[in-house]
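Chemist: If you read the protein sequences in the order shown, they are chains A and B. The end of the first sequence is residue 495 by the numbering used here, with every number in the run present. The end of the second sequence is residue 495 by the numbering used here, with every number in the run present.
Identical copies go unnamed one by one, so any copy, or any two together, can satisfy a pair.
Cross-link-like lysine to aspartate or glutamate pairs, in silico, EDC-like; alpha carbons within 20 Å at most:
id, residue 1, residue 2
1, K268, D233
2, K448, D286
3, K238, D209
4, K29, D401
5, K29, E395
These aren't lab readings, by the way, just hints derived from the structure by calculation.
2 protein chains.
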Amino acid sequence: MHNMEIDLDPVFYPKSIAVIGASANPMKWGWIIPANIISGGYTGRLYLVNPKYDKITKLKCYPNVRSLPETVDLAVFTVPSRSVPELLEECGEVGVKAAIVIAGGFSEVGNEGKRLEQKVVNIARRYNITLIGPNTMGIYSAPVSLCALMPPVRPIKGEVSMISQSGNIGTNMLAFGRVNNVGFNLFACSGNEAMVRCEDYIEYFGQDPNTKVILAYIEGIRNGRKFMRVVDEVIEKKPIIVLKGGRTRSGAKAARSHTGVLAGEMKIYEAVFKQLGVVIARSTDEMLDLAKAFTRVPLPKGNKVGIITWGGGYGVLISDACEEAGLELAELSEETLEELNRLLPPYWSHGNPIDMVGDMNREAHFKCLEILVRDKNVDAVIALGLITGMDFFEAFRNFDFVPGEFIEVFSSMWKNYDRIALSKIKELIQKYGKPIIAVTLTAEASKVQSVMDEEKVLGYTSLERAATVLAKMYKYYEHLRRKKSVRGDRLGSP
Amino acid sequence: MHNMEIDLDPVFYPKSIAVIGASANPMKWGWIIPANIISGGYTGRLYLVNPKYDKITKLKCYPNVRSLPETVDLAVFTVPSRSVPELLEECGEVGVKAAIVIAGGFSEVGNEGKRLEQKVVNIARRYNITLIGPNTMGIYSAPVSLCALMPPVRPIKGEVSMISQSGNIGTNMLAFGRVNNVGFNLFACSGNEAMVRCEDYIEYFGQDPNTKVILAYIEGIRNGRKFMRVVDEVIEKKPIIVLKGGRTRSGAKAARSHTGVLAGEMKIYEAVFKQLGVVIARSTDEMLDLAKAFTRVPLPKGNKVGIITWGGGYGVLISDACEEAGLELAELSEETLEELNRLLPPYWSHGNPIDMVGDMNREAHFKCLEILVRDKNVDAVIALGLITGMDFFEAFRNFDFVPGEFIEVFSSMWKNYDRIALSKIKELIQKYGKPIIAVTLTAEASKVQSVMDEEKVLGYTSLERAATVLAKMYKYYEHLRRKKSVRGDRLGSP
Numbered sequence: 002m003h004n005m006e007i008d009l010d011p012v013f014y015p016k017s018i019a020v021i022g023a024s025a026n027p028m029k030w031g032w033i034i035p036a037n038i039i040s041g042g043y044t045g046r047l048y049l050v051n052p053k054y055d056k057i058t059k060l061k062c063y064p065n066v067r068s069l070p071e072t073v074d075l076a077v078f079t080v081p082s083r084s085v086p087e088l089l090e091e092c093g094e095v096g097v098k099a100a101i102v103i104a105g106g107f108s109e110v111g112n113e114g115k116r117l118e119q120k121v122v123n124i125a126r127r128y129n130i131t132l133i134g135p136n137t138m139g140i141y142s143a144p145v146s147l148c149a150l151m152p153p154v155r156p157i158k159g160e161v162s163m164i165s166q167s168g169n170i171g172t173n174m175l176a177f178g179r180v181n182n183v184g185f186n187l188f189a190c191s192g193n194e195a196m197v198r199c200e201d202y203i204e205y206f207g208q209d210p211n212t213k214v215i216l217a218y219i220e221g222i223r224n225g226r227k228f229m230r231v232v233d234e235v236i237e238k239k240p241i242i243v244l245k246g247g248r249t250r251s252g253a254k255a256a257r258s259h260t261g262v263l264a265g266e267m268k269i270y271e272a273v274f275k276q277l278g279v280v281i282a283r284s285t286d287e288m289l290d291l292a293k294a295f296t297r298v299p300l301p302k303g304n305k306v307g308i309i310t311w312g313g314g315y316g317v318l319i320s321d322a323c324e325e326a327g328l329e330l331a332e333l334s335e336e337t338l339e340e341l342n343r344l345l346p347p348y349w350s351h352g353n354p355i356d357m358v359g360d361m362n363r364e365a366h367f368k369c370l371e372i373l374v375r376d377k378n379v380d381a382v383i384a385l386g387l388i389t390g391m392d393f394f395e396a397f398r399n400f401d402f403v404p405g406e407f408i409e410v411f412s413s414m415w416k417n418y419d420r421i422a423l424s425k426i427k428e429l430i431q432k433y434g435k436p437i438i439a440v441t442l443t444a445e446a447s448k449v450q451s452v453m454d455e456e457k458v459l460g461y462t463s464l465e466r467a468a469t470v471l472a473k474m475y476k477y478y479e480h481l482r483r484k485k486s487v488r489g490d491r492l493g494s495p
Numbered sequence: 002m003h004n005m006e007i008d009l010d011p012v013f014y015p016k017s018i019a020v021i022g023a024s025a026n027p028m029k030w031g032w033i034i035p036a037n038i039i040s041g042g043y044t045g046r047l048y049l050v051n052p053k054y055d056k057i058t059k060l061k062c063y064p065n066v067r068s069l070p071e072t073v074d075l076a077v078f079t080v081p082s083r084s085v086p087e088l089l090e091e092c093g094e095v096g097v098k099a100a101i102v103i104a105g106g107f108s109e110v111g112n113e114g115k116r117l118e119q120k121v122v123n124i125a126r127r128y129n130i131t132l133i134g135p136n137t138m139g140i141y142s143a144p145v146s147l148c149a150l151m152p153p154v155r156p157i158k159g160e161v162s163m164i165s166q167s168g169n170i171g172t173n174m175l176a177f178g179r180v181n182n183v184g185f186n187l188f189a190c191s192g193n194e195a196m197v198r199c200e201d202y203i204e205y206f207g208q209d210p211n212t213k214v215i216l217a218y219i220e221g222i223r224n225g226r227k228f229m230r231v232v233d234e235v236i237e238k239k240p241i242i243v244l245k246g247g248r249t250r251s252g253a254k255a256a257r258s259h260t261g262v263l264a265g266e267m268k269i270y271e272a273v274f275k276q277l278g279v280v281i282a283r284s285t286d287e288m289l290d291l292a293k294a295f296t297r298v299p300l301p302k303g304n305k306v307g308i309i310t311w312g313g314g315y316g317v318l319i320s321d322a323c324e325e326a327g328l329e330l331a332e333l334s335e336e337t338l339e340e341l342n343r344l345l346p347p348y349w350s351h352g353n354p355i356d357m358v359g360d361m362n363r364e365a366h367f368k369c370l371e372i373l374v375r376d377k378n379v380d381a382v383i384a385l386g387l388i389t390g391m392d393f394f395e396a397f398r399n400f401d402f403v404p405g406e407f408i409e410v411f412s413s414m415w416k417n418y419d420r421i422a423l424s425k426i427k428e429l430i431q432k433y434g435k436p437i438i439a440v441t442l443t444a445e446a447s448k449v450q451s452v453m454d455e456e457k458v459l460g461y462t463s464l465e466r467a468a469t470v471l472a473k474m475y476k477y478y479e480h481l482r483r484k485k486s487v488r489g490d491r492l493g494s495p
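Here chain A stands alone, though its shape is the one from the complex (with noise of 0.2 Å):
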């Protein structure tokens, strides 16, 4: 199939909706993907379908998709696979461009299914029409607040487009997405990818100018030319952060029964992965982490990580974990060496990582900060425990060996730092260009995570997830200036 044969603007901004086999039980998808794109908020015109029901709740129920008083864009189907033919023939000779099949039963569960899937292929390109599916939890358009989804899930808006060939993988990330303030312009479960696939997705999410990070979760390439082709296009414009499942013996026989997919051999993947320059990210977590790496801060331009820590052990650990990673830690140069000891006290580290030694002046930390990023040999800072979260003294409230004044005192000043310190992150990020990388070590990670997520700050709990998404950034970046030089190109910010 031709790329121009595949139109997803009727899948992704739908004028109207059909959802075919509307439900008046909410325990039936019939109910729940409809009241999923009411409750949505979908900007467009809704019609249920279902010749049982006259209405549903204070809705109109219509008996099939030739009473709709018009064509619709898309039809939602959420009637068992084997009634699936028949309604589909019928939106084909309405003109329907698109179709979502919802149901499972098809090419995954063997012989049977697959005569049935192809059938109703056959039906979809007769008539033109889109088809997404089938065995797939929906997709999702923040243009027109389409949540046209299995899972109750509202993501929050924004420029993260994601295709899945999981549904549950692929909805748990907008629900992870709304948790940690990452936002999402489009989505897609590919389901069985009988006509749509992966990498048409992936082809038109290159193209959309919302769009700035590309997700994929893939179990299995159907159509690895055009796979290569696509990629090899799009990542010049964005990143593409994959999770391939069925990396092993054990995953892609899971997967066979999953999607029905062939996992294939991982070491060609990864092979082809490194070769076109995909992100890959190693488990949910990572993509998420990547997600917001590649959203929050310019990529680093260079591999040198100047990291300024609050404890001595921490730095030995970033310090690990960087060259682990495939960083370096900076040089840091005679400048910075110099204005570091005229602020520090004598006993500082004198060096990469710069270890603040548990001091409690804290205004001297955003100097420090500052100072470092602005070192010629930094390409990029890791900060550590610049962000507290921390009540200092909590423990010591009602304990009458304490001055109750001070402890009030102290600990308001403490908690404005952090405010100051995010926002000092921020400006520096755009004074210098440089991606900065928040690390918090407190108990309170949760906490922390979310003030961070909020003032959309790259932060992480995690001082190992930092270094990682460092290094695959930086990879990133290399991918790009080498293929832009192979081409001759004057390089400028990718």
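Chain A is fixed; fit chain B onto it per the hints.
Modeler: Structure of chain B alone, referenced to chain A:
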């Protein structure tokens, strides 16, 4: 130094303590440390010592250690390094049994510091004082509720003991333990280890009847021979989980300026750790994961994992994670397959992982879990998505497409299932003696993590972490089995 020369009882079980260098300034350690000891609820007698004060708040302050009403077991020094020798000499003369020297400025800062440290050690040896540090953040002892620590951490009491060559990492582990419901019994920051070393603490924790699991953050080992002997002995009784800092060239360099220790060649450490059966943690997070695992579930007696999952994509990823960690997916027995055929819809995965395919009948999930746990081919179970932490219909509240009563009933039922899942897991562990690890897949990860920790269910928010932990537990079990079989012991429960 022979083991018999080091007596750690006065450090961890002191009947009385003097803080030498107590202060009235809440920004000084001389104030914070006694405040921690008092508000931490120390069960013994505490004396403040400083000739500058008669009183600090309501407490009497003594001019020197001679003027105290009794000979204290332990002196905590919060004076600058240069004052330590003279004051320690005084302690020696009156018969103080142990001293913790908080100040830095000793061997970690160069030759002059090294000489000062040697002088302090000589005094301690002359008077038979057990010397902790210098350059330490202190110790914690649950049996006497002693928080002789720099940061205001209040650990939960429990079965884990820890030695840390980093104050920040060590005391942070206590704080993380508090948030994650991991309790500690004994804890020490070993600092520069001028006298008492990492291996001495491990030996002591090995003999401590209330310690079930030992954690160690290690940058370098000063007495390799003793370390190997001690670990080899202790590890038969309890697991020793080690996080090694200074694994790389950069990390080792940072370690030199941190505690002055030589981090050494990581390949040698890895080989020694492996030979001794040490459980290697790769991060502080993993150290905590492992501490939970070893205190909450029995050891797996084989590497065959049974998996139950709510979603096929996650089944693929957990299969990959298990195989990559060195585990194998169990081949389900005929009986199990038959039982599951009777229980699950016909399109279930018919093998391991058991994909519950979005089935909302959660009673059936619990039955699946028990069928899986009791299968003779299954050594351990990972349950994905069994605890949802999810209010499935939350998105539909106050939305008039929805029958309100239904939502209420469904939501409370759904919530109740999470509680049932938690007790079911604990019940099945008890009944079958096999480890069960829960992995929540919800985006409200930190919320569900708290609930699982509160109930002391072994649960994670990352399936990769679950697989890694299980694989490391199995390796430890195998080490014990091999050791016993070499000696010809009958194999029992380790």
